[in-house]
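Chains as they are written, first to last, in this note's numbering: chain A, 507 to 936; chain B, 507 to 936.
Quick caveat, the hints were computed from the structure, so don't treat them as lab data.
The C-beta atom is built at its ideal place from N, Cα and C for all residues, glycine as well.
Warning: the hint list may mix true and false statements.
Said to hold, decoys possible - If you only want the chain A side, here are some residues facing chain B, beta carbon under 10 Å, derived: (1) N532; (2) F536; (3) K651; (4) S653; (5) I805; (6) D812; (7) S815; (8) S817; (9) S827; (10) S838.
Okay, here's what each chain looks like letter by letter:
There are 2 protein chains.
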Amino acid sequence: MSKNLNIVIAGLGTVGTASIKLIEKNKDIFSIKSNLNIKILGIFAKNKSKSRSFKKNRYKWYDDPFKMIDQYNVDTVVELIGGEKGVAKDICYYALKKKKNLITANKALLAHEGYNMAKIAEENKVKIGFEASVAGGIPIISTLKRSFKGIKINKITGILNGTSNFILSNMLDEKNEFKTSLKKAQKLGYAEQKPENDLNGLDTLHKILILSGIAFNKQIDLKKVAFSGIKNLTKADIFFADRLGYRIKPLGIGCFEKSKLRLIVAPFLISKKKELANVNNNLNAIIINANKNNKNILIGEGAGGDPTSISVVSDLINLHSNDENEFMYGSSHKKLKKINPSNFFLNNNSFFIRAKIYDKPGAIAAISTILKNFSISIKSLFQEQTNKKLFNIVILTHKCKKKSMDSATTKLNTCHFLKEKAVIMQVLHV
Amino acid sequence: MSKNLNIVIAGLGTVGTASIKLIEKNKDIFSIKSNLNIKILGIFAKNKSKSRSFKKNRYKWYDDPFKMIDQYNVDTVVELIGGEKGVAKDICYYALKKKKNLITANKALLAHEGYNMAKIAEENKVKIGFEASVAGGIPIISTLKRSFKGIKINKITGILNGTSNFILSNMLDEKNEFKTSLKKAQKLGYAEQKPENDLNGLDTLHKILILSGIAFNKQIDLKKVAFSGIKNLTKADIFFADRLGYRIKPLGIGCFEKSKLRLIVAPFLISKKKELANVNNNLNAIIINANKNNKNILIGEGAGGDPTSISVVSDLINLHSNDENEFMYGSSHKKLKKINPSNFFLNNNSFFIRAKIYDKPGAIAAISTILKNFSISIKSLFQEQTNKKLFNIVILTHKCKKKSMDSATTKLNTCHFLKEKAVIMQVLHV
Chain A
507 MSKNLNIVIA
517 GLGTVGTASI
527 KLIEKNKDIF
537 SIKSNLNIKI
547 LGIFAKNKSK
557 SRSFKKNRYK
567 WYDDPFKMID
577 QYNVDTVVEL
587 IGGEKGVAKD
597 ICYYALKKKK
607 NLITANKALL
617 AHEGYNMAKI
627 AEENKVKIGF
637 EASVAGGIPI
647 ISTLKRSFKG
657 IKINKITGIL
667 NGTSNFILSN
677 MLDEKNEFKT
687 SLKKAQKLGY
697 AEQKPENDLN
707 GLDTLHKILI
717 LSGIAFNKQI
727 DLKKVAFSGI
737 KNLTKADIFF
747 ADRLGYRIKP
757 LGIGCFEKSK
767 LRLIVAPFLI
777 SKKKELANVN
787 NNLNAIIINA
797 NKNNKNILIG
807 EGAGGDPTSI
817 SVVSDLINLH
827 SNDENEFMYG
837 SSHKKLKKIN
847 PSNFFLNNNS
857 FFIRAKIYDK
867 PGAIAAISTI
877 LKNFSISIKS
887 LFQEQTNKKL
897 FNIVILTHKC
907 KKKSMDSATT
917 KLNTCHFLKE
927 KAVIMQVLHV
Chain B
507 MSKNLNIVIA
517 GLGTVGTASI
527 KLIEKNKDIF
537 SIKSNLNIKI
547 LGIFAKNKSK
557 SRSFKKNRYK
567 WYDDPFKMID
577 QYNVDTVVEL
587 IGGEKGVAKD
597 ICYYALKKKK
607 NLITANKALL
617 AHEGYNMAKI
627 AEENKVKIGF
637 EASVAGGIPI
647 ISTLKRSFKG
657 IKINKITGIL
667 NGTSNFILSN
677 MLDEKNEFKT
687 SLKKAQKLGY
697 AEQKPENDLN
707 GLDTLHKILI
717 LSGIAFNKQI
727 DLKKVAFSGI
737 KNLTKADIFF
747 ADRLGYRIKP
757 LGIGCFEKSK
767 LRLIVAPFLI
777 SKKKELANVN
787 NNLNAIIINA
797 NKNNKNILIG
807 EGAGGDPTSI
817 SVVSDLINLH
827 SNDENEFMYG
837 SSHKKLKKIN
847 PSNFFLNNNS
857 FFIRAKIYDK
867 PGAIAAISTI
877 LKNFSISIKS
887 LFQEQTNKKL
897 FNIVILTHKC
907 KKKSMDSATT
917 KLNTCHFLKE
927 KAVIMQVLHV
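Given only the sequences and the hints, what does the whole structure look like? Please build it.
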């Protein structure tokens, strides 16, 4: 009585392997909940000889992923290789052009090519499922597309990078320096061996761009967005923020107000009383503000094979069960207007400044004069000796213009008594 | 170019009014996101003369809701009257039998009649949207139905009654007794004038039963579930729990393990470190445990016109846009097996006991002997004088069998030195 859903899978890393295991394990659940029998008609990965934690010989191996897709009875192609270029990209486009539904977790590709992929999918009357591309096991794509269909979304605020969130949590919990916490994250499988894109904010940028495209129905140019990550933060920042009543969280924020789209990717200070401040370790979280005052928060595991495979499998079933042509961004790519985002908030904001300075007389006077000259007033200030010759000066400002703060920062960084560039972070006021 | 979606609305209270206003305000968003033009072909409420905060004369008023539904071009009937009997029930069944899609926020009706309604809807090839019936603006129904389609859900834990959650939060924050906080809740619109079903747990029962039906694909008999609410809790309970490191939260829990469904509706003690402990005031929250270790948390406003109308409008659009016959409980009513739920956890649990006793010698000895006789060991105990003649004795037990605790409670309540029945609550271990 069940219908067959025939799929092929390209990419057999953590998520690919977990997806295959989930499909094997849950056959009875598919038939109860969706009347489907998922059949894997082929698998492909770059490295055939690598050992995998599922029985490879149960499935037909293809050395050529395009031949695998060419099988006439394939309904859906699952791409779990990753990367915005190379074979992953080729597989995605090939699948769409061959009129196959596509499931992908490839956030980098989607951030670069998503709108074009939506166009190709529409032209070929197939669908793209990408729940697994953002926030692992949290069903954020589906929620944005389905649960706010007649509603204006005002703002999306997310902790979208589990690696960064884990490191900052661990620095606080275990009083570690950045490098020690990074090593621990790598040991636990929360950070890759080459974690650059996670630590510099690029991964968060990819994800908030994908979510913002859906939430605001806009076509956003990736290249126009500034981003910063956690890689320059030190234990001192974590503990000074703590003393001031804040946690530091790596955020991606998209908001649409007064016809302007704002995209901001940076670590922020968040009051300990706020929900996001208490989302720790490798968890992700997203706040959706809609219809002005409505707020919804989703929290869950943002990465890893098990949670992400839930998103892959849900997409598989939903794409197939649903007759209607569900658009990738919730509406046709033709309706997605191009927009250039700004990289700062409309309203004034408070800032956290930490400057490491040589013990020279007049340093505080100099810094406070710079701030005064740009009309920035100080809310808290403290100074602490780190060793014989060096001090940390930490300042929390009252709300001021981003522009003033940028100018003050430039000026500040020219001071001869600074050991290194000052660390500047915004405070999340919401 | 837009298609018309023709609806009629029965019930013009908080949610009905907010839904009409949202439909009026968001015309342009519907056309961008869904290509639909929602037209209201008729409105009905019990009281025609009552003033409403929208312009009634924009819409055709019907004194007879059935005549309103009879219009040949009505696509969807929206029922926002509420109540498991009377005209609300009649309208729902009439709509389904007339082959109209139905949107309803009527949790009491759904808890009593949901499975039968699913049957009638399937027979008539129409759909029922009921996102607004549980947790207001949180898209929990859609999430359970769509995002865990191939996945086994193990457990649902929810703060589902905003009234109760507000009262308990307020008792702690403002050091109020129950009655004062209830009055405040009523003043702020968070509690009805007749709040019995909110305070005795029945409202939570209705909601967790609806969610459990979807999550576990079972048909659950409402009459087989025990429930208790917050109405007997006092300021003393709140502050003793606080001192022990806990918050008290009104929970509905459904879990399926070892072929048994467990449904529990009661206030629980939750460690302050846990997520649900920090969901305060009128907020609702739901934790979904799936595929053994996966955890997703949704937090948002659980009641009120604005949030709930978002769910109504999303349902309106989703039901209409989707060609596929989406089953009410995620799968056909024919597949929903009947099951008798148990009312207690499989595993042992800790308990909080507060007994108000007259100042008589030997009371503590008597209580601790009773516990000892049922093999219940004490983790913490303290005693505090409330006035010249009365004491509160508070005990936190180690984990023990529910059955032992029930027997001990029965015995305890026979003690002559007790002023009133002891308050007993479970601790949430997860």
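Consistency of the hints with the structure:
Interface restraint check for A:N532: the shortest CB-CB distance to chain B comes to about 5 Å, inside 10 Å, so the restraint holds. The beta carbon of A:F536 is positioned within 10 Å of a beta carbon in chain B (closest approach about 5 Å), and the interface hint is therefore held. Proximity of A:K651 to chain B holds as hinted, the smallest CB-CB distance being about 9 Å (cut-off 10 Å). Given the 10 Å rule on beta carbons, the hint for A:S653 holds: about 3 Å separates it from the nearest Cβ of chain B.
Below 10 Å, beta-carbon pairs count as interface contacts, and A:I805 has one with chain B at about 4 Å; its hint therefore holds. Nearest Cβ of chain B to the Cβ of A:D812: about 6 Å, under the 10 Å cut. The hint holds. Because the beta carbon of A:S815 sits about 8 Å from the nearest beta carbon in chain B, less than 10 Å, this interface hint is met. The beta carbon of A:S817 is positioned within 10 Å of a beta carbon in chain B (closest approach about 8 Å), and the interface hint is therefore held.
About 6 Å separates the beta-carbon of A:S827 from the nearest beta-carbon of chain B, less than 10 Å, and the hint is met. Here the hint on A:S838 is kept, as its CB sits about 8 Å from the closest CB of chain B, short of 10 Å.
In the structure shown, no violation is registered for any of the earlier numbered hints.
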